[in-house]
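Kindly generate the complete structure, drawing on both the sequences and the hints.
Spelled out from the first residue to the last, the chains are:
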Amino acid sequence: MKSITKTKIKTKSKMIALLLTAAMAFALLAGCGATETTTTTSDTPVSEPTEPDVQPEPAEADEPVAEDSGAEPVTLRLFTNLPDRQNGQGLIEQMIVDEYMAENPHVTIAVEALDDESYKTKFKAYAMDGMPDVVNIWGQPSFLDEVLDAGVLAELNEADYESYGFIPGSMEGFKKDGKLYGLPRNTDIMAFYYNEKMFIDNGWTVPATYAELLELAGTIHDAGFVPVAMDGGEGWPMAIYLTDLLLKLNGDVANISKEAINNADFSNPVFAEAVQLLIDADNAGLFQTGYDSQDYGTAMSLFTNGQAAMFYMGSWEASMALNQDIPEEIRTNIRAFFMPVVEGGQGLATDIAAWNGGGYGVSASSEVKEEAIKFLNYMYLPEKLSKYGWENGVGMSAQDQSEFMTGEETELQKIFINIINQATNTSGTPINDNGSSLLKTTIESNIQSVSNGSMTIEDFLATLVEACAP
Amino acid sequence: MTKQEDARRFKLGKLVLWVVLIFVAVIQLFPLIWLFNFSLVSSTEMFTSGILVIPEEIKWSNYSTAFEHGHVLRYLFNSVLINSLAVISVVLISIVSAFAIRRMRWKLSGLVKTLLLLGMMIPIHATLLPNYMIYSQLHIKDTIWALLIPYVAFSLPQGLFLMIGFLESVPKEMEEAAVMDGCGIYRVIFLIVTPMLKPSIATVSIMTFLNNWNEFMMARTYLSTPTWKTLPFSLLDFTGQYRSNYAIQFAVMALTAAPALLVYVILNKHITKGVAMGAVKG
Amino acid sequence: MDKLYRNKLVISTLILPGLLLFLFAILGPIILSVFYGFTDYSGMGSYNMIGFENFLNLLKDDKFGLALRNSLLLALGFLLIQHPIAIIVAVVLDKLRGRAEGIFRCIYFIPNVISVAVIAFLWKSVYNPDFGFLNKVLAFLGFSGQINWLSQENAIWSVLVVLIWHGFGWGMLIYYTGIKNIDPVLYEAASIDGADQKNTFLRITLPLMKPVIQVNVTMAIISALKQMETVYLLTGGGPGDSTQFTANYLYQQAFESFRYGYGNAIGVVFIVICLGVTVFLNKVFEERQEQ
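First to last, the protein sequences are chains A, B and C. The first sequence begins at 1 in this note's numbering and counts up one residue at a time. The second sequence begins at 1 in this note's numbering and counts up one residue at a time. The third sequence begins at 1 in this note's numbering and counts up one residue at a time.
If you're looking for bench data, these hints aren't it; they were derived computationally from the structure. Glycine residues also receive a C-beta, built at the ideal position from the N, C-alpha and C atoms. Some clues are possibly wrong.
Quick list of the computed label-pair ranges, beta carbon to beta carbon [claimed, not checked]:
| id | chain 1 | residue 1 | chain 2 | residue 2 | range |
| --- | --- | --- | --- | --- | --- |
| 1 | A | Q276 | B | T48 | 32 to 42 Å |
| 2 | B | I144 | C | A189 | 49 to 59 Å |
| 3 | B | P55 | A | A211 | 48 to 58 Å |
| 4 | A | N418 | B | T225 | 38 to 48 Å |
| 5 | C | S191 | B | T48 | 47 to 57 Å |
| 6 | B | L81 | C | F280 | 36 to 46 Å |
Calculated lysine-lysine pairs in the DSS-like style (CA-CA distance at most 30 Å, straight line) [unchecked claim]:
| id | chain 1 | residue 1 | chain 2 | residue 2 |
| --- | --- | --- | --- | --- |
| 7 | C | K226 | A | K120 |
| 8 | B | K172 | B | K113 |
| 9 | A | K120 | A | K369 |
| 10 | A | K120 | A | K387 |
| 11 | B | K269 | C | K3 |
| 12 | A | K122 | C | K226 |
| 13 | A | K120 | A | K176 |
| 14 | A | K176 | A | K258 |
| 15 | B | K11 | C | K283 |
| 16 | C | K210 | C | K283 |
| 17 | C | K210 | C | K180 |
| 18 | A | K258 | C | K60 |
| 19 | C | K210 | C | K226 |
| 20 | C | K283 | C | K180 |
| 21 | A | K197 | B | K59 |
| 22 | B | K172 | B | K198 |
| 23 | B | K172 | C | K3 |
| 24 | C | K180 | B | K269 |
| 25 | C | K95 | B | K14 |
| 26 | C | K198 | B | K14 |
Here are a few chain B residues that sit away from chain C, every Cβ distance over 10 Å (derived from the structure) [unchecked claim]:
| id | residue |
| --- | --- |
| 27 | P55 |
| 28 | E57 |
| 29 | I58 |
| 30 | S205 |
Below is the structure:
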């Protein structure tokens, strides 16, 4: 297994960030499925921990993972944005925490978990005095710039991670002046999840263009369903929607958004056009009534309970396919498509909103920094986060997951692997996260006003300019 | 006006009166009944039409999940402990401070009284930011002190205000007689004055308890680990979980509301009396 | 004996616990807040003194103005909607004798003992367009279509309804107690004079309740200013900033936008406003009483 990984790493370095793993993953998915027999996709969320006697091979020999017994008792504080410990990514994290404690009896890991919004608030509060030892971070300017300026994260040694199979480029967001301060956990792709059975039963087809999407909204609405469940109460999903549209209009979003933010200039007409397309969606009734005040859970439950035909959310929710809380006839029929092309736009259907966002870092002020880094490295062993994530249908990690293909992936996983394999361009960090935290809060609160018609496009763009102005 | 007409008018008036009272009662209660109803259905059934939902199968399991994953027992214990300590502290401190201000003779008593009562006008939330900083520096964040100190401090002005008022109506003769007999001030306060303040102690206790029982902004800002989290966190920490099984959230809400509701229904006469006394005086 | 009451040591031991607590938990933080109000501290790392810049920015900040306007709206809602209903219900309740009186009084106060957290989440569900209670009632009454109760235009009114609902029992109870404290002899005298119910209410009940009404009005205005918990959980100040309140805004600025210094400046102005309003109301009521 180890040698396979090594050969892969060599070939990999030549290729572009996200696209490559996928290409290989796809090849393996097609070909190697049958040969892999040691792992099976577990149907229940509580999958068995891997055999504890299979000691993970340490990346570098100088740092043994498991300490001898009799070591000083240590308590590590893990601060995470994954409050749901029974499903998805939170389950994976908890599994690894439990395994680590079992293998290292002297270590106790105290988990504090909050949902995104409270997490970020609390994180900033923690930054004033002392961070917990291992923390969830986002490799994006809106979050990391101020955090790194304040020096609250410990520097990591990039060379330690050569054998971890990170996708080239995925660490970039976690670096400052060439130094590494965190590791990416996921490769995130934004998608329209849809209920295939509902589509077939009603004779709806997956839209190929944005106009078709808006037209479909009317049809679905007339049939008595919500077309797209949108978590609009928080601003970020809509900001990603806007990023998605910018990509489809312009064929590139990373450069124009960075340029606009740096120069405090949003006069490029493509911004106004993209906002207009968002407003069109509101006018066409694409989202549920009251989308601009509803939270994640409310929006998601509309979809998972069969009230909404689609749900606009990231690939991290691919684990819905295995979530026992969702009625079976719904969860087994969840599929995904991606933002359709806009007529006259430069973007292709295979240009996707994808980025490496979430990850982990270690506190600079941690009193048990060594132990914390040890635990961090343990989590990132390919057979931990990546493998468990894959087996539980969580979505894609930022590491090479191709060797964990079983051929029994859920349909959703296959769809995501396919699109990343075919991707011609990616958006990179969404626009709201590409500037200061002030820009982020500005976009996220005002995008509700502009999409529901309470604010004009000009005023909206003007507030962005103001937030970017030095 | 004949007697008959008068009687009819009286009856009609009585009817209107009842209708008004019942209408208001329904408005005050119905959201809670609806909450209880939803806590027993499955997530899918929530979307069925009709004002109340009759579940195919009553989902008591919502409650067991909620109870277990909401850490209800642990947080309830924390809430009871922290609030009891806060009530005791507020009562004790307000009695001795009120005595010092009203009975003892010193120059600055007026100024100190004004200063302490000023606390009633200070918005709690304005102190969230600086207090966070102070507690961090002192390393008492995420300890019981981070809640107890502000809870007591912000309930004290009101408690003091009420105590001063009540103390004025307590006759001085008894304590003066005790002092003549050679009793010290502390014994006068605790053995003679305090027993006479019983009804006001009840009022201050109830007001303090009601103020702090449901508080969560400070707790949310100053606490991080579950060690000292209070009952509202059973709900607050739960909302991120079980996104796809929404009905369980209603069970958690019901459980979070239940303890205070139960105590209130049992002791409602005393509580309303206490509040009324405190509020009219304050 | 006088000496005993003037003993400095005894006085100190009695007053110090309360005074120290006040200095440590209230006055000290306010002074610290004033200090940070003059800095550009982000909440992490180093900071510079920037003089009055934060306060000047605050004057130009539309959202701060919006928050104050919302407080005013809320106060008006309390005074014009909640309190009249509370007074009427209190008067009606007073007429009722026996068990029913106690039961109604008990029911009206129930929302007050329920955690604000539960109230906020409960009403968020009540307002939900898809499974919420309100739209279900409308559907039951034959109304088709969904009303978006928390839309940018409606949200502030919906918040108002929640707060009126939640605080109703408290206000009612105080008025009720005020009525109970009125000497029944006065009513007897009025009925002998042949005054009807309306006249009794206007000539006797209302004037005698003046002090109670003043207390309640002051409390309503102050609580409108201090509002935070419910909007924090119900709307988070949104959509847009349509339900922004001062306390919520300072919290967001400090902890979400990395503007700890600015947040503290808001806090300082917030305190000044609260003190000012309280003093102003007391003055107004005092003068009226003297007349």
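Structure-based check of all given hints:
no. : hint                         : result
1   : A:Q276 to B:T48: 32 to 42 Å  : holds (38 Å)
2   : B:I144 to C:A189: 49 to 59 Å : holds (57 Å)
3   : B:P55 to A:A211: 48 to 58 Å  : violated (42 Å)
4   : A:N418 to B:T225: 38 to 48 Å : holds (43 Å)
5   : C:S191 to B:T48: 47 to 57 Å  : holds (55 Å)
6   : B:L81 to C:F280: 36 to 46 Å  : holds (40 Å)
7   : C:K226 to A:K120             : holds (24 Å)
8   : B:K172 to B:K113             : holds (20 Å)
9   : A:K120 to A:K369             : holds (22 Å)
10  : A:K120 to A:K387             : holds (27 Å)
11  : B:K269 to C:K3               : violated (44 Å)
12  : A:K122 to C:K226             : holds (22 Å)
13  : A:K120 to A:K176             : holds (20 Å)
14  : A:K176 to A:K258             : holds (17 Å)
15  : B:K11 to C:K283              : violated (45 Å)
16  : C:K210 to C:K283             : holds (15 Å)
17  : C:K210 to C:K180             : holds (14 Å)
18  : A:K258 to C:K60              : holds (28 Å)
19  : C:K210 to C:K226             : holds (24 Å)
20  : C:K283 to C:K180             : holds (27 Å)
21  : A:K197 to B:K59              : holds (27 Å)
22  : B:K172 to B:K198             : holds (16 Å)
23  : B:K172 to C:K3               : holds (16 Å)
24  : C:K180 to B:K269             : holds (15 Å)
25  : C:K95 to B:K14               : holds (10 Å)
26  : C:K198 to B:K14              : holds (15 Å)
27  : P55                          : holds (14 Å)
28  : E57                          : holds (19 Å)
29  : I58                          : holds (18 Å)
30  : S205                         : holds (15 Å)
Hint compliance for this structure: hints 3, 11 and 15 are not met, and every other hint is.
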